[in-house]
Amino acid sequence: MNVPLVVLLKEVRESLRDRRTLINALITGPLIAPLMFVMILNVVISRQLGQAEGPLELPVIGASYAPNLLEALRQQGFAPQPPVADPIAAVRARDAVAVLRIPADFGKSWEQGDPAQVELYYDASRRDEQQPVNRLKQMLERYSRLNGAMRLVARGLSPALSTPVVVAERDQSTPRSRAGALFSILPYFFVLTVFIGGMYLAIDLTAGERERQSLEPLFVNPVARWRILLGKIGAICIFSVMSLLICVTAFTVAGRLIPTEKLGMDLSLGPLFALEVLVLMLPLVLLLAALQTLVAAFSRSYREAQTYLGILMLVPALPSVLLSVLPVKTVPWMYAVPLLGQQVGITELIMGGAVTMAEVATCLLCGFAVAALTLAVTASVYGSERLAISA
Amino acid sequence: MIQVENLRKAFGKVRAVDGVSFTARDGEITGLLGPNGAGKTTTLRMLYTLMRPDAGRVLVDGIDAAADPLAVRRRLGVLPDARGLYKRLSARENIDYFAALQGVPGAEGARRREALIEVLEMRDFADRRAEGYSQGQRVKTAIARALVHDPRNVLLDEPTNGLDVMATRRMREFMRALRAEGRCVLFSSHIMQEVAQLCDRIVVIARGRVVAEESPEALRRQTGESNLEDAFVKIIGSGEGLAA
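Chains A and B are the protein sequences, given in the same order.
When we follow the working numbering, the leftmost residue of the first sequence carries the number 97, and every step to the right adds one.
When we follow the working numbering, the leftmost residue of the second sequence carries the number 1039, and every step to the right adds one.
Note that these hints are calculated values from the structure, not bench results.
Any given hint might turn out to be false.
[As the list claims (entries may be wrong)] Partner residues are not named here, just some residues of chain B that face chain A (Cβ under 8 Å, in silico):
| hint | residue |
| --- | --- |
| 1 | L1088 |
| 2 | R1090 |
| 3 | G1094 |
| 4 | R1247 |
Even glycine gets a Cβ: it sits at the ideal position worked out from N, Cα and C.
Assemble the whole structure, with the sequences as input and the hints as a guide.
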């Protein structure tokens, strides 16, 4: 019988009997990400919706000095809350998102026609809390503009005089692209799943086997070591592909649980998306299996391999983080870089853009080339004398 | 038959094996005796091509191990120093895996496996997972998987290490049976009694060199000691690292 196949079947059979490997490859690895994702998105979305549509509740100090202003704000959906003693402390301690303070001389300035000041305390560094602040600012501005216009009219002037320039905003984002911004972390989840799905197997089949002193007897068999390596890599790939399949399936299901339509977004996480993700990820499956085995071959023990791979796990996050901080334009060469290619390709798919056949081909070709190179390096390490010696 | 000619292997500045030569013949048990750290395991590792010698030559049934390591390994049954089993597989599955890697056809492999399970008295635990095996059960399984391809030459690195008295006796009987089948049996040991009892030929190794290669009687004659133990101590220079 074919040697790599013999090794592969034995490794798969043995791993299927190992509960830790199974839980990691088939449950924790592939399901944690979609679960976290749905939960986070649900919180974010419902919070944004609440902030955009619910009554705006903020403390007001000195409400009695400007009853007309308060009434106008109430009509726009503002619900004034009881005053706080110290607005600065309240904002710093996050007791309030923002505090509106109306000075005692508000009425006097108003009547004299001077700009009447109100104070708005908030913290601009809390980006997620800017929506209520902006809402209140808009309400105040609207009130100011309205009264300004009325004063001009009262003096027989056209209100248009005070607005020489108007900006008409034309937002070019589509519902799909708005979804994409939220989902740009998704490709990393897929990479992570492949990584975790194969990791325990990769450690076990090389570092673990050496630690348990079974690598030396294995290499005594009249079989070239690279053929044994191929079988082991194959077994790792089977597990990581299983992980990826479960993960992608979970995402297509999870996509239905996210109330994206409430945000005016549109996601395409259907079967076609799943298939395209699988194809794009294939070179990474092989590349990561070879890389993990390489690391395991260099480590002196199971634990050491675990430590190294834990660090290596963070590397695939780089393109995701980089692209979300510096959203650059996708250019063709990016498809030629493993990890980056998957990142831009999958992001493109989520945003509803099309990935051309040429781009897919580039991604696969370069990905498999790098994987083959890594595999060759791993094979040469596997051939070394040092590898089999356990003690 | 195994011929070893002037084998050398150094790890950094340490000369683990420093010019070892000997011959192990078919139908004989050859013992590699030496204190711990004398270079026995390293010598054996070069025999089964896990390590490449710095100099010297290994011939197994006339085949040069450096030129065709796979052919050499096919002719060897090896119980290495490391004898880890696959814990989540049963003894039968462990043996079958090695049979498949040796290229033994399925039916032939099954026949050999059952014969070995019979001879080594492994029936009681052969279908249990190797996880909870005793030391003796582990060694038996390791030997069975090493011999499943019916090799002419058998290398055993400290085969009785960690076995209790009964298991050790049975192991010795088993080695005699292998000799009776006309195989070339080469084993290493640091236990003098064992070597004296079993061997047709004794190769004494100390500090990486062969200090004697004789039959037990010849050794006694050569050293003028009637007791083989005294003879060993005299040859090696000290009894340190040996066991009675």
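Q. In ascending order, which of the hints set out earlier in this document are inconsistent with the structure?
A. 3, 4
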